[in-house]
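If you read the sequences in order, they're chains A and B.
Be aware that the first sequence starts at 714, since it is given in my numbering, and climbs by one per residue.
Be aware that the second sequence starts at 107, since it is given in my numbering, and climbs by one per residue.
Simulated from the structure, these hints should not be mistaken for lab results.
Note that this is a predicted model, so its numbers are computed, not measured.
Check before you lean on any hint, since a few could be wrong.
Calculated cross-link-like contacts (lysine to aspartate or glutamate; reagent style EDC-like; alpha-carbon spacing at most 20 Å) [to be verified]:
(1) B:Lys322 to A:Asp937
(2) B:Lys119 to A:Asp937
(3) B:Lys322 to B:Glu165
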Amino acid sequence: MKHLFAKLYVWLLLAILYAPILIIIIFSFTEARVLGNWTGFSTKLYQSLFSGGVNNSLFVTLLNTFAIAFIAASASAVLGSLAAIGIFNLRHKTRNTVLFLNNIPILNPEIITGVSLFLLFVSLGISQGFMTVVLAHISFCVPYVVLSILPRLKQMNPSLYEAALDLGATPMQALRKVIFPEIKPGIISGFILTFTLSFDDFVVSLFTIGNEGLQTLSTYIYADARKGGLTPELRPLTSLIFIVVLVLLFIVNQRAKKSAVHEK
Amino acid sequence: MKKRQFGRFGVQKNWTIPYAVFLLVFVITPLILIAIYAFTDADGQFSLANFQKFIHHGETVNTFVYSIGIALITTLVCLIVGYPVAWILSQNIFSSTSVIVMLFILPMWINTLIRTLATVALFDFLQLPLGEGALIFGLVYNFLPFMIYPIYNVLNKTDHSLTEAAQDLGACPLKVFTRVTLPLSMPGVTSGILMVFMPTVSTFAIAELLTLNNIKLLGTTVQENINNGMWNYGAAISLVMLLLIGVSSLFTDDKSGEEGGLL
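Construct the entire structure; sequences and hints are all you get.
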């Protein structure tokens, strides 16, 4: 009986947490312009989301967001992997300093990151656009890549690398054949994580995107919401994003579980 | 010792350099720039005018105090709603607790704007008015997972034999809670409070969307000033915000941060 109330409380709270998302998903299957009006089942919004090609501003925005997230996550994966291996080999004191600096972008409130990067770009006289958004995203993404790779290096058996060298491998070969396979899961998890971080980012993008018409999904939604009505096509889009994030998180979680079992 | 052996060759040590340079340019310099802009006027001369303006500008001070108030209320509501959830989850009464925990964390990975618009949709759907109530609901909705997760983490690691011992020694359930469970979970509570308070006090857009732009929070003020070309003043408010967050983070020690880490 006691457990029943406890369970009820948790389920009720989850229901409230998911109600807004559920409403959006349900109303993505009807044509009404105004959310909350049900005018019969239809997949028209899903079709018009992808129709029109380059003339469809929402579709172009989606492509931009993907491109930014892909470039930022890839660059972060490369820079972060190099950095993680480097940091791992540093002396204790230097390592702690670099790790402390590495934590700053994670702990900083988004708006501070946004304002500070905005000031950097204006004082360097760099016109803001695609490149500045990518750079800004890389700056808050790399720390997560570093943090997802470092534990892998710590778990690694250090003799493996030496054995490879003793058996005649060059340091580059040893790196490619011994270290890389060990840290690969960390790189992949880091990539997925930073991709979603970049894809979802709103505040930092808003401050670094400039005003030459470039939009990411978040700034598009923001501009749209400020104008009052929401573009109805955003409902199917939000639903799709929710599903994709759900699947990605599930994959990351399974990977983490698998590696935890593996270590045991 | 092991780590030393690995790094003995020293070759890859230099691989930190690109990232160190990157950090210097894109993290440290920008933060210093906030301070420089805050303490200079539009001509680049040293000046305290921005801070004087902040103090004498009634509206900004009001927004500042109001933002702290809203952040405190949000944090309190999250604590009252979230603590029982964390406690229930730590009791292992669900067949798969990890899935339920995952369900609570999941919304955190979805765009704040989308979640906020979904809240607007919910209020429209239920024909509830937007305003202060909606704002607090939206903030709690957005940041509740940040409260539940650290507390759950700490409670989950707590040794159950301690509460059993208290029960065996004749303590009533209330006493077991106030004397054993609650004190042991304090690191999680402080880290949860911090993780809700910090983003709430610096939030913006959420307030705009949930109150139809009738209520302004500090984040909105910063954005408006930057947007309108008042960079120095915007930087000064950012610096005040950073200071506020720095001060509030002093209330937690390193240990709780470690225990409540989200990654």
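Cross-check of the supplied hints:
1. B:Lys322 to A:Asp937: Roughly 19 Å between the alpha carbons, so the hint for lysine 322 of chain B and aspartate 937 of chain A holds.
2. B:Lys119 to A:Asp937: Given that 20 Å is the threshold and the Cα spacing comes to 48 Å, the pair is violated.
3. B:Lys322 to B:Glu165: holds, 10 Å
The structure shown violates just one earlier hint, number 2.
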